[in-house]
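Engineer: Protein chains in written order, with this note's numbering: chain A, 1 to 85; chain B, 1 to 85.
Heads up, some of the hints might be wrong.
As the list makes no split between identical chains, a pair holds if one copy fits it or if it spans any two.
[Said to hold, decoys possible] Cut-off 20 angstroms, straight-line C-alpha distance, at most; resulting in silico cross-link-like pairs (SDA-like, lysine to any residue):
1) Lys41 with Gln72
2) Lys52 with Met1
3) Lys42 with Asn28
4) Lys14 with Asn28
5) Lys41 with Met74
6) Lys18 with Gln64
7) Lys10 with Glu32
8) Lys44 with Asn70
9) Lys10 with Asn28
10) Lys17 with Glu46
11) Lys14 with Lys44
12) Lys18 with Pro53
No lab work stands behind these hints: they were computed from the structure.
Number of protein chains: 2
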Amino acid sequence: MILVYDVGEKRVNKILKKCRQYLTWVQNSVFEGEITEGNLKKLKMELNRMIKPNEDSIIIYTFQNTKYSNRQVMGINKNYLDIIV
Amino acid sequence: MILVYDVGEKRVNKILKKCRQYLTWVQNSVFEGEITEGNLKKLKMELNRMIKPNEDSIIIYTFQNTKYSNRQVMGINKNYLDIIV
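One chain only, chain A, in its complex shape:
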């Protein structure tokens, strides 16, 4: 799955920390990861409690089968740098 967030500055750190528990940070406000249905439900419940629904936005894309999807990176692959540094 892919998760992208756009939340108020005050909530960024909490959201980031929560997402990191379940997913891999890949770019600025983007996470990727394989997640069970149960954990996805849990993550969504927890995020729902954190966000301001009239200010923040989180979009979650899930895929039945990654076989049909493709990922291309232009420029640096920040996550790898993040791991190295």
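Given chain A, put chain B in place with the hints provided.
Structural biologist: Just chain B now, with coordinates in the frame of chain A:
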């Protein structure tokens, strides 16, 4: 397809403008859209010329069939607001 970018402040406006030519802006640094293979190639070439490969990062996710993908929004759906305002 989904396009996410994380680029230096100086290049944000140019990248944004370029992506808007082909895709729909949905959140902070996220675009979505259906795009032909020819236009994707063109967009990638143009973005490649704009980014600093050792500082910026753009990830493009493409899907053979959107039938297998799902999109969930939590909080506001910024793009719709954007269209209304």
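Engineer: Which of the numbered hints are not met once you compare them with the structure shown?
Structural biologist: 2, 3, 6, 7
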